[in-house]
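Chains as they are written, first to last, in the working numbering: chain A, 1 to 323; chain B, 1 to 265; chain C, 1 to 113.
No wet-lab data here; the hints were simulated from the structure. Glycine included, every Cβ here is placed at the ideal spot set by N, Cα and C. Take these hints with a grain of salt, some might be off.
Unchecked claim - Simulated restraints on C-beta separations:
no., chain 1, residue 1, chain 2, residue 2, range
1, B, G197, A, R71, 52 to 60 Å
2, C, S82, A, R295, 40 to 48 Å
3, C, Y104, A, R37, 49 to 57 Å
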Amino acid sequence: MSQARTQPQDDPAKVAAFEARIAAGESIEPKDWMPERYRRQLIRMMSQHAHSEIVGMLPEGNWITRAPSLRRKISLIAKVQDEAGHGLYIYCGTETLGVDRAELVQQLLDGTAKYSSIFNYPTLSWADMGVIGWFVDGAAIVNQTVLAKASYGPYARAMIRICKEENFHKRQGYEIVAVLANGTPAQKAMIQDAVNRWWWPSLMMFGPSDADSPNTAELIRWKVKRRTNDELRQRFVNLTVPQAAAVNLTLPDPELRYDADTENWHFGPIDWDEFNQVIRGNGPCNRERLEARRRAHDEGAWVREAASAYAAKQRAKQASEAA
Amino acid sequence: MTSPSVVPVPAPPPNDELELLLRLGDDRLVLGHRLSEWCGHAPILEEDIALANVALDLLGQATLFLRRAGEVEGKGRDEDALAYFREAVEFRNCLLVEQPNGDFGFTIARQFLFDVHAVVTLDALSRSTSAEIAALAAKSLKEAKYHVRHSGEWMLMLGDGTDESHRRVQRALDELWRFTPELFVADGVAARLAVQGIAPDLPALHAKWETIVRDVVGRATLTLPHESMHSPHLRGGRSGMHSEHLGHMLAELQIVARSHPGAKW
Amino acid sequence: MSDRPDATTPVGEQAAAIAPDGQWPVWEVFTQSAQGAPHEHAGSLHATDAEHALQNARDVYARRGEVISLWVVPSAAITASSPGDAGPFFDPGADKAYRHPQFYKVPRGVRGL
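Just need the whole structure built from these sequences, with the hints factored in.
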């Protein structure tokens, strides 16, 4: 989807009727009329979400072969596998908007599509598996719970299925965190280090602050988004601070304090320069992540072609037997 | 120190059931681990999920067989102690499963050869005179039947797909064929277990295995490698004579657990 | 492949022919969660033929064990009513109260109706 492409002018009467449906809480289905811009925004958001699931398999996949017990190994595989499944559900939902998965994947591989900045950070110790489940899946759940009420039916339905399946992700992460936090001194140090490294990138996952998020108003009016980035970020912080305290871990923010007036945990300024650098491709692992996806795609080409060729041969065989 | 004149204490009878459980468990642990290396790197999303399912089944089976092995051994070792704190020479898996993944065609050929073996042996083991082994085998058999459907279908798609896929999977089959006789070697352990009815007569299963393999290979328009491509000396996996690949795989598998002795995870 | 479906190839297989760009066709997956329950739409996936679609559906949509039966249908084989039809198709059914039991009056005290 090239942003430069001129947007066709939608019939204002149709737009008004569409917005009335949204306001009345109706859900929009694939064959319903929708403004071109709504369609494009959805494709952008949904494909970014799907790409994030797929790229998100890599940092955790990095530790599958080193998981320290069979139980942990099995849980981690199941979790990374779910991410593949969730990417698949969302790609399929996006395809209902008239775009092929192959086209979307190509946009990821050629670097024109975005995905969540968090997956461009490296996983350096086993403790990262705990913290990713706790922070990253925790943040994703905060996001996805509201997306399950999005106005586009296929997206909302994919989110409902995903939220249901992701229930175990955050718990498996927090279980790892709790065990390490109560473990040997080396394990405690390992988990505190992981918390220190992942906290700020996790807060950045919610995207730019509302002041710098030009699309938000329109997306909220169309109920593609239901809450602003800052609202969701605050909800995540409020949920996470007590969870950190429960296992005696420190969040790396000297400004963190409870504000009784707003009933929110106040947190310090986010380094948006870092965020922008990572989004622009200059994060610690951007190149490695895309390279891994490209390699899998390229090395899989002959397999996908073989399966297609086999099916075509079978069809031809059936046809000639029938003749 | 006892004096040489004293009659030596006879060695305890070999624990054949323990050996059997280790063989079953280690095959599945090693192959499940190998398959899990694909996670996030498969040719297409649907297949990423499918391979992970097979890996999860195999690691689940490994957990049960190794847990039981620990119980039979009676030295307080659980499945993790056996998986993470044995040396390569103590592993009892066959050589086939420890071979590195190669391309997708190699992984599928390795999987198919193993899956057929798993189905015929688990089917026989589900009638074992050992109730515990029969129960574990019956549970695993259901999963193995799906695995062979999955890998068998891919053998057809790759074998009868494009010229390139045919060439790749044929090469994989040729390469792997030398590891297959080991699957059916009746060493002392296997022979004694067969007499007791705890495990099947392995050489008798070889023909059954080959019939199924031959059928799929034929329908996949592939050629079954000639017997001369068997390597009779490649049969040491069950007694710890592995390829060099296993040590590297275990180094990765065991690194975290071994770096923190006594830690809980 | 001819334009006319022949009699022996299932319609589904015709609809699932590989697209010119080589992408595997899309299939819709329906799952049944319990004996006697209806099959419900679970989602979709890509596969080359019916058996492949069934296996992929098993791995993608039945991996949590809450499924006892699966249907796969090529998306292209589904004919759907269009939103424009909604009024003429469905509204007329809404005011046919005589199709509902509450429409009929029964003498007080009579049971089992």
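Results for each hint:
1. Judged by the Cβ atoms, the range 52 to 60 Å given for G197 (chain B) and R71 (chain A) is violated: they are separated by roughly 33 Å.
2. Between S82 (chain C) and R295 (chain A) the C-beta distance comes to about 43 Å, which sits within the given range of 40 to 48 Å.
3. Separation of Y104 (chain C) from R37 (chain A) is about 51 Å and conforms to the stated range, judged on CB atoms against 49 to 57 Å.
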